[in-house]
Amino acid sequence: MIEVHGLSKHYGDFPAVRDLSFAVQPGEVMGLVGPNGAGKTTTLRCCTGVIPPTGGAVRIAGVDLAADPVGAKRRLAFFPDEPRLFDYLTVWQHLVFVARLYGVADYAARAQPLLAELEMADKRDQLPGELSRGMKQKLAIACGLLHAPRVIFFDEPLTGLDPAGIRRMKDTMRRLAREGAAVILSSHLLSMLEEVCTHVLILKQGEKLAAGSLAEVRRRFTEHPDASLEEAFFKATETAPAVPPVLPGP
Amino acid sequence: MNGALLYLQLTALRNAVRQRLRRLREPRYLIGLVVGTAYVYFFFFRRAMPRGYPGRGPAAPPAEVGLVLALGFVAAIMVGRIVYAWIFSADRAALAFTEAEVAFLFPAPVARRTLVHFKLLKSQLRILFSALLLALLSNRFSLLGGSAWAHAAGWWILLSTVELHGIGASFTRQRLLDLGFRPGLRRVLFGGALALALAALAWWVRGHVPAPATATMRDLARWPAYLRAVAALPPLPWVLAPFRWVLGPFFAADAATFLRALGPALFVLGAHYVWVLRAEVSFEEASIDLARRRGERIAAVRAGGWRGLSRPTRRRSEPFVLRPAGSAPPAFLWRNLIASGPWFYPRNWLLLSAAILAGLGLLGASPTYRPWLTVVQAATFPVSIWVLFAVPMLLRRQVNLLFERLDVMKTLPLRGWQVVLGELLSPVVLITAIEWLLLAVIAVTAGTLTRNVFNTVWLTGLGAVGIALLVPPVAGLMTAVPFAAALFFPDWVATLNQPRGMDVMGQRLIFAGGYLVVLILALLPAALAAAGPFLLVRWLAGMWSAAVLAGAVAGSLVLAGELAAVVWWLGGRWERFDLSRELPQS
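Chains as they are written, first to last, in the working numbering: chain A, 1 to 250; chain B, 251 to 836.
Derived by calculation from the structure, the hints in this document are not laboratory data.
All values derive from a computational prediction rather than experimental measurement.
Glycine residues also receive a C-beta, built at the ideal position from the N, C-alpha and C atoms.
One should not assume that every hint holds.
[Said to hold, decoys possible] Some chain A residues near chain B, calculated using beta-carbon distances under 10 Å:
1) Phe22
2) Leu44
3) Val70
4) Arg74
5) Phe78
6) Phe79
7) Asp87
8) Val96
9) Phe97
10) Ala99
11) Leu101
12) Phe221
Given only the sequences and the hints, what does the whole structure look like? Please build it.
Quick look at the structure:
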């Protein structure tokens with residue numbers, strides 16, 4: 001699970017995240033939402049050890065990220081919006097490289113079914129340059145899942161994917177949660193979050209506006225129990241929804 | 251030309267200049283500009299201009315060997331470009347436009363010929379700037395006679411002709427493709443014709459102009475006369491006439507010769523212009539594709555990803571088997587060696603080294619060619635120094651690549667020192683491999699030249715082993731400097747990725763200066779530690795090479811300690827490194 005207590009991050013005098021606390025249990029998928037500049041990416045980066053927080057504590061599967069960063073990172077996987085791959089390594093060589101970094105002794109036994117499940121078994125000798133955007137994303141996922149992480153972070157996971165890729169990604173996230181992982185997902189696509197997430201955390205200007213199950217958040221900010229997350233989001237952040245596009249006259 | 255295109259060109263130029271001037275408000279650009287300008291003035295202008303102005307007395311006569319070298323260099327550029335254009339290039343007819351130009355100009359009501367003119371005018375900006383720089387460079391190294399202005403005009407004619415030839419050749423290739431000549435068939439026909447012509451030429455020259463015997467270094471001076479005799483042997487003067495005409499203004503020693511040479515050169519240039527303009531082939535589709543690829547390349551380079559210049563298309567074998575268990579740094583070495591290419595894989599490198607050393611042995615066995623070993627030996631020293639300095643500077647790009655993936659790299663379960671050591675390993679291994687080969691070359695050439703092979707190789711080899719011990723820690727420290735610069739001054743290093751400008755050049759010079767200072771400070775303790783054993787062994791054994799070995803052992807131990815401390819220190823910095831300034835916040 002992920003436990004965050006009093007997390008804060010300042011860039012000089014500017015507070016990007018302020019006193020943020022939340023927890024995500026195994027099997028839960030938490031959507032991290034907020035307008036631009038709300039502190040979503042900063043929160044993700046602090047939680048994954050990419051940047052040091054100014055204050056607060058993050059525990060990954062029970063391991064304190066500040067006290068034992070290596071131990072904590074062994075239990076997490078982070079998927080950025082754009083898959084970052086090595087041009088000169090094939091699909092299989094990427095997995096070999098990752099296996100060595102994470103010390104996955106039985107990587108061959110794990111990688112084969114992983115590639116098969118991601119429909120990449122026939123691509124093992126191909127370079128990233130030969131793969132489509134969706135295939136690259138799958139390779140990044142295969143690399144991230146090779147060490148069986150308990151905590152998984154996704155940053156805008158649907159960027160650049162086609163409809164089939166989007167569906168597959170959503171299925172993957174749901175499956176990972178079903179298998180017991182705690183998942184945090186940052187995205188602007190509220191309808192997708194509504195489909196995938198069990199919980200949601202709304203941020204604005206670095207502060208937590210709301211956190212809880214989807215139903216709880218909907219109930220808190222809207223009058224109708226069947227209102228959409230989008231409606232709840234705009235109520236919570238008090239932002240006017242997008243106006244209809246103005247088309248040129250005939 | 252269409253007024254809108256002229257407006258586009260001039261406005262873009264004016265805005266680019268304004269942007270450059272505006273960024274001088276930042277001190278690092280201003281300081282960079284001052285340093286860059288001072289460098290260009292003292293290195294090029296101060297030496298070049300007094301000889302370059304016409305009417306300041308006759309220019310110095312060109313040195314014979316220098317002229318041959320210069321001719322060879324310029325001819326190699328031309329021939330290489332032409333051979334590439336006609337034989338190797340597989341590209342379709344394409345003109346280099348930016349993606350924005352494609353988006354705005356191609357659907358616009360602009361004639362095809364206007365587009366070609368626009369492209370030619372645009373390329374002239376680059377060519378004029380290149381001609382000026384090359385003229386300064388060619389004048390700086392006093393190999394040639396003539397005036398700076400003649401050189402500038404000569405470079406302009408040469409570069410413009412080569413540019414037009416490239417475009418014309420691509421148009422002709424497209425025409426051949428349309429007629430059913432596949433690239434493979436064209437390569438076989440043109441390459442075969444060229445190979446046949448060269449073989450016939452070699453046979454013809456051998457029968458008419460005997461090569462000079464080269465028993466000693468002094469005999470090398472006969473080669474310029476030999477090459478002149480070859481160039482005068484019919485039919486070569488006719489075949490080479492267009493090349494000679496184009497190069498005529500460049501090598502003109504005085505104003506009268508320059509003016510006489512100008513006519514034929516401009517004729518060749520004009521003929522190329524007409525050729526390009528009259529070629530009616532469709533270049534639009536390939537140009538769109540080219541613009542897209544250029545856009546991707548530029549984006550990759552701006553992001554610091556120099557690999558964006560060429561993406562691999564084939565799977566590469568692995569340098570060694572990477573087992574899943576074990577420490578992490580070798581995994582970085584494994585990955586980076588794959589990226590460097592198979593030349594540096596242990597087995598391939600050993601085979602290459604053996605082949606080079608065997609080749610040198612064969613060269614030394616021939617009385618005719620043995621003097622060339624002196625040239626090889628003399629060239630090895632500057633090359634080894636260059637490798638030691640230049641390769642670590644290239645690490646800056648590797649560090650940029652690391653920054654590109656920093657958000658993923660920082661989530662790896664590794665200590666900072668493991669990442670730093672891993673990233674340093676591959677440049678250290680590459681430098682060490684090259685330097686050890688060069689040391690072996692020096693030892694073997696020394697042995698062969700003194701004709702006391704065993705004794706000299708043994709003696710030189712002893713010293714070479716000593717120096718070889720120093721190479722890995724020195725290379726490690728040198729590669730650590732750009733790494734440290736990137737971690738401690740990320741803004742400054744990010745600026746160095748910008749491709750052009752005197753201010754950016756100045757910043758690179760400041761960086762190189764700081765690099766040298768840090769390096770000297772790092773080497774000082776090792777030099778002090780090496781001095782004692784060196785002097786002691788020299789006094790006791792009286793052998794220079796043994797003394798070098800003893801000093802090198804002591805020095806390398808100190809350097810290895812320094813390197814370990816630096817890796818540990820940089821590792822700590824890596825762990826605390828805050829990406830906030832490198833990555834966009836949201």
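So, going through the hints one by one against the coordinates:
no. : hint   : verdict
1   : Phe22  : 18 Å, violated
2   : Leu44  : 9 Å, holds
3   : Val70  : 5 Å, holds
4   : Arg74  : 4 Å, holds
5   : Phe78  : 4 Å, holds
6   : Phe79  : 9 Å, holds
7   : Asp87  : 5 Å, holds
8   : Val96  : 5 Å, holds
9   : Phe97  : 5 Å, holds
10  : Ala99  : 4 Å, holds
11  : Leu101 : 5 Å, holds
12  : Phe221 : 23 Å, violated
Going through the hint list in order, the structure does not satisfy hints 1, 12.
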